[in-house]
Amino acid sequence: CLKDGAGDVAFIKPLAVPAAQKASYELLCKDGTRAPIDSYKTCHLARVPAHAVVSRKDPELADRIYN
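The sequence shown: position 37 = 37 (the UniProt record's numbering), numbered continuously.
The hints are simulated quantities; they were obtained by calculation from the structure and are not laboratory data.
There's no promise every hint is true.
[What the hints assert, rightly or not] For lysine-lysine, the following DSBU-like pairs were computed, each having C-alpha atoms within a straight-line distance of at most 30 Å:
#1 Lys41 <-> Lys30
#2 Lys30 <-> Lys13
#3 Lys22 <-> Lys41
#4 Lys13 <-> Lys41
Whenever a hint applies, use it, and build me the whole structure from the sequences.
Have a look at this one:
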């Protein structure tokens, strides 16, 4: 769904993104910064990648997650 513009966040294995599309994706780091997808060893939200957790655009999503 990220590829089709229907989502904002996905938790995937680093090797799941084809090399030709890596520039279209970025990582969200714990400190709130972003990094290239190849920086997964130093920029990550979890120690073990999830198999598939995907989020779609939803203005209330952050409120539901954090509250």
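Okay, the hints, checked on the actual structure:
| no. | hint | verdict |
| --- | --- | --- |
| 1 | Lys41 <-> Lys30 | holds, 12 Å |
| 2 | Lys30 <-> Lys13 | holds, 17 Å |
| 3 | Lys22 <-> Lys41 | holds, 16 Å |
| 4 | Lys13 <-> Lys41 | holds, 12 Å |
Consistency note: the structure conflicts with none of the earlier hints.
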